[in-house]
Structures are given as structure tokens and as C-alpha cells.
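Chains as they are written, first to last, in full-length UniProt numbering: chain A, 1 to 376; chain B, 1 to 376.
If you're looking for bench data, these hints aren't it; they were derived computationally from the structure. Be a bit skeptical, because a hint or two may be false.
Said to hold, decoys possible - Cut-off 27 Å, straight-line C-alpha distance, at most; resulting in silico cross-link-like pairs (DSSO-like, lysine-lysine): (1) K188(A) / K279(B); (2) K184(A) / K223(A); (3) K240(A) / K184(A); (4) K128(A) / K273(B).
Letter by letter, the chains look like this.
Protein chains: 2
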Amino acid sequence: MTDRIREFLRTRTDDGPVLVVDLDVVRDNYNAFAKALPDTRVFYAVKANPAPEVLSLLASLGSCFDTASVAEIEMALAAGATADRISYGNTIKKERDIARAYQYGVRLFAVDCQAEVEKVARVAPGSKVFCRILCDGAGAEWPLSRKFGCEPQMAVDVLEHAHRLGLSAHGISFHVGSQQRDPKAWDKALASAAAIFRESADRGISLSMVNLGGGFPTKYLKKVPGVKTYGATIFQALRKHFGNRIPDTIIEPGRGMVGNAGVIETEVVLVSKKSETDKVRWVYLDIGKFGGLAETMDESIRYAIKTPRDGAPLEPCVLAGPTCDSADVMYEKEPYLLPVSLEIGDKLLIEGTGAYTATYSAVAFNGFPPLKTIHI
Amino acid sequence: MTDRIREFLRTRTDDGPVLVVDLDVVRDNYNAFAKALPDTRVFYAVKANPAPEVLSLLASLGSCFDTASVAEIEMALAAGATADRISYGNTIKKERDIARAYQYGVRLFAVDCQAEVEKVARVAPGSKVFCRILCDGAGAEWPLSRKFGCEPQMAVDVLEHAHRLGLSAHGISFHVGSQQRDPKAWDKALASAAAIFRESADRGISLSMVNLGGGFPTKYLKKVPGVKTYGATIFQALRKHFGNRIPDTIIEPGRGMVGNAGVIETEVVLVSKKSETDKVRWVYLDIGKFGGLAETMDESIRYAIKTPRDGAPLEPCVLAGPTCDSADVMYEKEPYLLPVSLEIGDKLLIEGTGAYTATYSAVAFNGFPPLKTIHI
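The following block holds chain A by itself, in its conformation from the complex (with noise of 0.2 Å):
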């Protein structure tokens, strides 16, 4: 919560629930990442918040940019990024898109087989790949399924196929999940890079970049380290498993650039039990699950979130959206803390909501409109 934010909702007069991110901190936070990984180049995962006031900024700054659709690389090219700094990051890509991205000057690509490796050579020929592994995610809060990347004794496969047909081997990546809250989870994947770089090199294939992807965290209810213990500790890990020779590295930051940049104020809707003898009340929002708030989805993202009662004796409270879907409920198997006070009309502050949250807002669900964005 900065200054700029509360003043803007001091004067706030429309009705609805709205996000308001400051810019100010994005700008913080992108040269926290340049200071703390000097070495390393910045591509800014557009998913989490494409607005294009954050893309033009971050493009004035020299950031680079992660695009997951050729929609996105549209954006970045908006926002004045030129096609050198765009990498087209999703590995699930149709090959007229892939098309489009190279007649947009894309170069570089994410693959995690050999299908899509082909893919790439048949439209975008010459361009470099880089193929991404798995992870296993432990110690990310957002779940980190098996959908991207391959196991990596088989990315060597992948990377000699694409040099094979006139690719350009690039390097690899991996993501070592979401909301990571742990500096050292980047360790056991950059072992796993150095032993790819070792046997690609055998096969007289030279990479030559690490992408180190996203995974840094913003503050929500819990505390994480700070950029530079990231930086710190992922250096280390660079030395420990490729010595001197450490390769080019990008990081994709998302969460870590946007989300503590924005906050969402929404109303107290409806307070109320379900019999008289309930220890637990609902407290229903004009913001959900469908509304802008689907990372809470199984509970996985806990926002921090100020009352104006706060001080106030608190009492567990299931905390639900407005929709007319049972399912839209935020925090019910651990309900959350409220103040005791709490009244129907009441504004809070949901923070940390920067990124991933407008975007994945329902165009229509129930009537109600996506949610408002504002930056400042």
C-alpha cells in the first residue's frame, strides 16, 4: 500500500471493486532485479499484468519481454519493445502463430519436444530454441503441475534435433514454481542444466544461455527474502555447478515485478450465518473467484488484506465471492481472520494484487463486468 494508492482511493467516487497499481513500485521493483542479478537479463512475464502503462515502462527501463501468445508479443511491440528483446515463452504454440512471431522478428522460442521444435523450423527457420525442463516445484505456493518442460535427460534429444534442422541450440530453461518462497529451489535445476550443457557439448552442441525463469515472490501474508538473497544465492548456484564458465542467463519475473504494486479495494457485501449457533460467519465480497481472485483457487494464494476496523478482535471467516457459484468461495477450509466488527458496506484492501488477477478476470460471469484497473 503506497501513499499514491490510498490518496487515488480517497478521492475514488465510482462503485465496484477496482485494482490501482502504482507504477512507482513496478519501477522499484525492476531495478531491485537489475541490481540484484546484474549479470542476468530481465524478460518481464507479460501474463502478469499486460497493461500497457506497465509494458511501457518496463520497455523505457530495458527490460526484456516473456509473451505467452502472439497477442502478447503485440503488446510489447506497443509498448516499444523491439522484436530483439521479445522471447515467445509458451511451449504450446500453433504454427501460424509461431509464423506471426517470426514475421515480427521474434528469434527466440520455448520448446519442450520435438513436435514443437519442428514447428519452429518450418516457420521461423534459423531461430534460437531454448528447451525447457521440469521442475518439481517444491516450496512454490502456486501448484507447478508436469504441463511444461520434459525430463531433462530428454531435452538433449530436443536441443540435438533442433541443431539438426538448422536451429539454432540455444540454451534451456525451467521454472522452479510460482510464489517460490525458497532462494535455494534453483539449485537442483541448475545441476540439472550444467549435466544438459555437459552432454550437449559432447555432442558437439554448445548452449549457451540458462533461463532461470520466474518464481520470485511478492509479500502476501507470509514473509519471503528479499531480491537480493535471490540473487545472492542463485549466483552461487551458477558457480557451484557451471565453475567459470557461467553461461548468459534472463530471469522472467511476473509476480515478483507487479504484484506488491497493487492493490484492489472491494465491499463488504453481505455478513451473515448459516444458523444461529454457527461459529463461523461468511463475509461476502463484490469481488470472487471469477471477478479478478483465481489464485485462490484451492486456497493457494493468501492475500493479505486490511479492514478499516483492523486493531479490532478478530474471529474466523469464510470469505466468499458474489456470484451465484457455490464454487466461489476464496478461504473456507482455513477460514480467515476478520475483525469481529466487520459491517456490510465496509471497504477493504486486498494487497499483493498486482499480478495475476485482472487479466483472469471472467469477461461476464453472472453479469458482472471484468475487473476495473487503474494505474498510476
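Put chain B on the given structure of chain A with help from the hints.
Chain B in isolation, oriented as in the chain A frame:
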């Protein structure tokens, strides 16, 4: 799948996933409900599919409308419904939204606690309210939480409170759980409703309506009983619990009205394995959890999928969406059987997708547009 949808898709030239809804099927479903429960008024659950074409058709057939928000009330009015055919069925409403609904002429409101009754009494004086009671949702495929409704013993107090505040204590509502495959599920809830009717009468309040809710299933992979069976079983339960003093009844079908009217055409973007020895292939589509298939959350709803290679031997696949989100996986715990010969570029048809798809889709997640929708 109907001939009209097949013909539409045959001549389609644009790219990306699309939902095609056949309005003739919606018409048939409406008539089947009207016939199966001839003394029951049908309130279509607008949230299931609020497309103007669906609402206009149902309005012309004489349907009433169950709405979740002021926006849905406005859509129902725009489609030709008069305000006396609209219920504001969300138990979670801002007081100013109740006031707007009242200005539009709406006089029927859902409540499940005294605080909500007080809002209605203040800004919608004299309106009819029905109190929603909790159901356990056993037999339903979509999870039913305790989000809506109160314990039956509390409902009498809620309705008495409404009566005292000058509202018309109209009746009881419940929901047996969405995609409810057991027609007998209504029996237990009707027993509670009848008990509340008796208790209210003892307190001098004469209730007259039971809202039987939705829950009527559409056919996905498993067989479901027909509407006729539901109608007969529910009527038996009404007779059993209310004898020859059967109250006015309404139903709120959503999924059962539009689910089987829609088919999504999607494309296979990638087929891959995570290692050479993996038994299970990953099949990635150009639609996923954030593009309209939100109801695959926790693998709840299992759609029937047709491929151009049906008839070939099947093998288990993990089915995932196209976004860079590791949670965007539809079926993994229980892999989906698809033809072993399935290839990148194949067009698949996801059946039974007329309800709870298009409006759930994210506004722009990963740069992907919301689900395109055509009504024919």
C-alpha cells in the same frame, strides 16, 4: 451435436475455438420442462448462458428468468421479459442493486439471512421474498458449498422477520446441486420445506411458494435420467410432503436448458511426452480452464469429446489448455481416453458446452481472447 451445428462448422473459416449453440435444442428443452412439470413456472437461470439470442427465444416461449445481478435483469428486460417474470435470485446483493431492481419493477427476491431481508425491506418495500435453505448436494457433480442458504430451522425466523418488516414472506428455495443425477435428491429438501411451511403457519405466516431450484443435468459422458423422470419424481415428492395442498412451484434450469445445445470446436495445438518412456501423452488444446472450460476445475465436469479419428484405438491422455499457467490442465488425475492416432491440427468437438462456458472465460488471460460464441 445437431445437423445445423455440423453444417455451420463445415463452412467455418476463422481460427480459434468457438462455441456454437443450436437454438432449436433450447426450444425443445424449454418445451420438455414445461411438459414435464406443467404446474411449475420455469425461471431460466440466466447465468448459464445469457446470450441475447437465448434470452429472446425463451422470453418468446413464455419463460421467466432467474437473475444474479442488475446486469442480468437488464438483459432479461432487453430480451422482452416483463419485470413480473424476473426473480433476483442471488442471496448476496448490494442494497443499491436491490433498489435498482425495484426501480425496474422486480418484486421477487432471494434471501438467506436477516441482514439481507433488511436490505430488501428498506429499498424494495412490499416485495416477495423467499428464503433459501441449505442442501447437502449429494449426487451432484458440480460441488455445492454452504455458500447459499441457511439451516432450515433458521429459515422460519428469517421469513418471520421479513413478514414483520412489511415484506411478503413468499416461500422457500433450495438447490440440490448442479448436474444432479439423482431425481430423488429433491425429496429431502421438500421434507424440510414442508416443515418450514407448517412452522410458519403456526406463527401466523402463510407461505405459498417452493422454488425447486436448478440442478437438472445435461448429458456429458455418463447417462442421465430424462426431464420426464425428474418431473414425475419431484411431483411424487411434493405430493408426499404437502399432501393435497401442493404450493406454487418454480424451477430454475440453466445447464438443463442450454447445456446440450452447445458444442465447442477446438484444435489440437500439441501432442507430446515428457520423457521417452512416458506412458501418458499430453494433448494441448487451444481452449482451456481460462478460456471457457472453468467447470473442469477439480475435474468436476467431464465433457464428451469427439475427434476425427474416433474408432481408432484409445489411450489415456492428459488434456491441457494453451496458456502459460501450470494450473490450466483439464484432466490429469483421471486421464482422458483419446485416439492413439490423434495429431497436431486435428479439430475436436467438446459436446454439452452450451452452459457455463462462454461467460466464465477470462477477459484476456495470456493474451488469449474470450471464447467466441455463435448462436444459430
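Numbered hints the structure breaks, given as an ascending list
none
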